[in-house]
Structures are given as structure tokens and as C-alpha cells.
Amino acid sequence: QKEVEQNSGPLSVPEGAIASLNCTYSDRGSQSFFWYRQYSGKSPELIMFIYSNGDKEDGRFTAQLNKASQYVSLLIRDSQPSDSATYLCAVNNANYGGSQGNLIFGKGTKLSVKP
Amino acid sequence: KAGVTQTPRYLIKTRGQQVTLSCSPISGHRSVSWYQQTPGQGLQFLFEYFSETQRNKGNFPGRFSGRQFSNSRSEMNVSTLELGDSALYLCASSPQGGSYEQYFGPGTRLTVT
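Respectively, the protein sequence lines represent chains A and B.
So the first sequence is residues 46 to 160, counted in this note's numbering.
So the second sequence is residues 6 to 118, counted in this note's numbering.
What the hints contain is simulated information worked out from the structure, not anything from laboratory work.
Watch out, some of these pointers could steer you wrong.
[What the hints assert, rightly or not] In silico DSBU-like cross-links for lysine-lysine, where the CA-CA straight-line distance does not exceed 30 Å:
(1) B/62 to A/87
(2) A/47 to A/112
(3) B/62 to A/152
(4) B/18 to A/47
(5) A/155 to B/62
(6) A/101 to A/152
(7) B/18 to A/152
(8) A/112 to B/18
(9) A/87 to A/101
(10) A/159 to B/62
[As the list claims (entries may be wrong)] Examples of chain B residues lying across from chain A (beta carbon under 10 Å, computed):
(11) 38
(12) 40
(13) 66
(14) 99
All C-beta atoms in this analysis are idealised placements derived from N, C-alpha and C, irrespective of residue type, glycine included.
Bound-form chain B, shown alone (with noise of 0.2 Å):
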């Protein structure tokens, strides 16, 4: 089976600017769940999506959205950008979920300038 995929790799944006990054899960994976990690922080839960719901999110400010097609693929969006929102953002693919086991795409390096 292939990977988790995410679009693009690396990014570069300005403050003020809005960023979409996307996630393909493995194939028949139901359940996408997305993080941020930076230097220090660790893995920072952003939301889980699954069958095209929002499940669960985390502790951060609205400008952080996202949503799940029916084909499972994601998307996260970022609105007026902070330099603080710098950081490798990771998508995750999991079966169901839960207490299943999650696996990562390469992660999206996002960089605010």
C-alpha cells in the first residue's frame, strides 16, 4: 500500500497570508488526524477528521481549520499567518482512529516570514 502523501513538502508565506496544506491517507484509512511540532513543543494535536467529520481539536485559535472529503483525503488551513505558525505540520492515517495505531506523511515544512 502507498504512504501517506502531503502537499507540498516545504512552503514559504509572509504574515497575513493564508496557507491550505493536503493529506492523502493510506489507502482505507478512515480516520486523518493532523499535528504541528516545533523545536521543543512536540507533537501538538491540531484535529482529527473522520468520514468527513470533525472529531476532535485541539487547543487552537480558529484561524487553524481544516475538513475531510469522502475519499478521506484532508486539508488544514491557516489564515492570517503568524511567525509563530512556523513548524513541520504532520498529517496522520489511521484505520478507525482511536485507539488505533496513526501513521505519519512526510510533513509539510512551513516557514513565516
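So here's chain A without its partners, still in its complex pose (with noise of 0.2 Å):
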């Protein structure tokens, strides 16, 4: 059974502050990396998607990939309380499908950003 691994949190972070988010990989074939947001109660919105390894910006977002050490993170820069959601870590599933289906989300991150 292929994995991604979250922290669950809450991760509590003040209004302006960087929070870091993180996720590591049991697939070593994946290449397609996904964030999505989830609010309570709604569903969930891509917001980042990275295939390359390095850094990927836009906005207040950067998503970071370093696919040897099967890691990939999500910065949110001057962290609003509108960012306070449930932040989902999404990998491709390299044998295309399965059980599992097409990409493997893990659990979410619980980020909370204090006024």
C-alpha cells in the first residue's frame, strides 16, 4: 500500500508569518505532486501542482520538491486568517491506478493562522 504521510496537526501559525507545510512519499516513481486546500465542510481546491524538482512559486505560495528524499512542502508567505483550512498533500500513483486510484492523498494538515 503506497503512502503519504502528512503531519495532522493543528499547526498554529500567526497572521504574517511563513507556514510550512510537509509531506514525504512512499512511491519512488511518482512525478506529479499536488496541494489542495479544504475549508471545513467544503471540498477540496487545488491550489499547487509540481512536477520538477526545485522550487515552484505563485503568489503567496511556493511548493517545494526534492523527489530523493521523496519530500515535498507547501510555504504560504504572510499567512492570512483566511488560509486557516485543512491542506491536503496529493502524489501520483506510478502504477497508474489500482485500488488506490490515480493519485494518493494523505490525510491533510490542519493549518490555523492566528489574527
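Assembling the complex is the task here: the two chains are given apart, and the hints tell you how they should meet.
Below, the structure is given as C-alpha cells:
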């Protein structure tokens, strides 16, 4: 069973700080990595994806990928109370599906940004 | 482009009944995946449909089934409902499935009493 591991949190940061969310994965063949944000009672929303080693920036969000260490992270700069949500890491299943589906999701890290 | 739509948004059923949920993917997307989400369990994969064919299936009992139509719309059915089936059911649309990104619909909140 392939796994994606995330610290469940809650991760609490003050408004304006940098929030750092981490994710490790077991499938060494994975090539696509995604971050989803899920507000309480809502469905997951895709906010970032990364395919290559290194950093990818989009506004206040930066995704970092290290395939050798099987590690992907999401940095949120200038955190706002509206960023308070659960962040799900997802990794493609290199075997293209099977009983776990195409994307394997972590259970999420709950982020709380305090005003 | 319009996003993924799911109907109904909320549903209350009694044990033993059956239910059908519907999903319309993003226009042009051919892959539809279904997930069950419950507190503490995270997202659990149910099945994926691509071009009207079930391509992958999760570890759920046969009471859970689905199908996809030629216009890529998908339905999932749960027969003989159990209390443990109470969950948020999410449909995700993808251009091709596989390693491509998935976009989620708003979900159907099913409560079984």
C-alpha cells in the first residue's frame, strides 16, 4: 500500500508569518505532486502542482519538491486568517491506478492562522 | 469553464435504502473519480471512470457501483445503505486521469439514519 504522510497538526501560526506544510511519500516512481486546500465543510480545491525538483512559486504559495528525499512541502508567506484550512498533499500513483486510484492523498494538515 | 457539478448536495436516507449520486465533469475532461470522505479516514478512493469504462476500483463492497455516460457524466449508486455509509461523497474530474490533476466538485453530503 503506497502512502502519503502528513503531520495532522494543528499547525498554528500568527498572521503575517510563514506557514510550512510538509509531506513525504513512499512511491519512488511518482512524478506529479499536488496541494489541495479544504475549508471545513467544503470540498478540496487544487492550489498548486509541481512536477520538477526545486521550487515553484504562485503568489504567496511556494511548493518545494525533493524527489531524492521523497519530500514535498508547501510554504505560505504572509499567512492570513483566511488561509486557515486543512491542506491535503496528493501524489500520483506510478502504477496508474489500481485499488488506490490515480492520486494518493495524505490525510491533511490542519492550519490555523491566528490574527 | 464551468466547474464540476454534483447533485444532490444533501441527502438523508434510511438504512436499507439505495441512493444514486450524479456528477458532471468539467467540459472536455474524460476521467471521473469518486471518493468517500469521513472524519478521521481521509479521502478513500471508490472508482474511476474513463471513456465510459471503469478503469480503477477501490476496496469497497459491491454495494457501491458506478457508471459513466458518453457525455462523461457519471453516477454512483449505493444499495442497501448502512449507517457507516454516512459521508461526504466527492467527484473529481481530470483531463485524462493518470498523473494529471483532479478538480473536485462540491460533494454530496449523505446521511443514513
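Quiz item: Which earlier hints turn out false for this structure, listed by number in ascending order?
Solution: 4, 8, 10, 13
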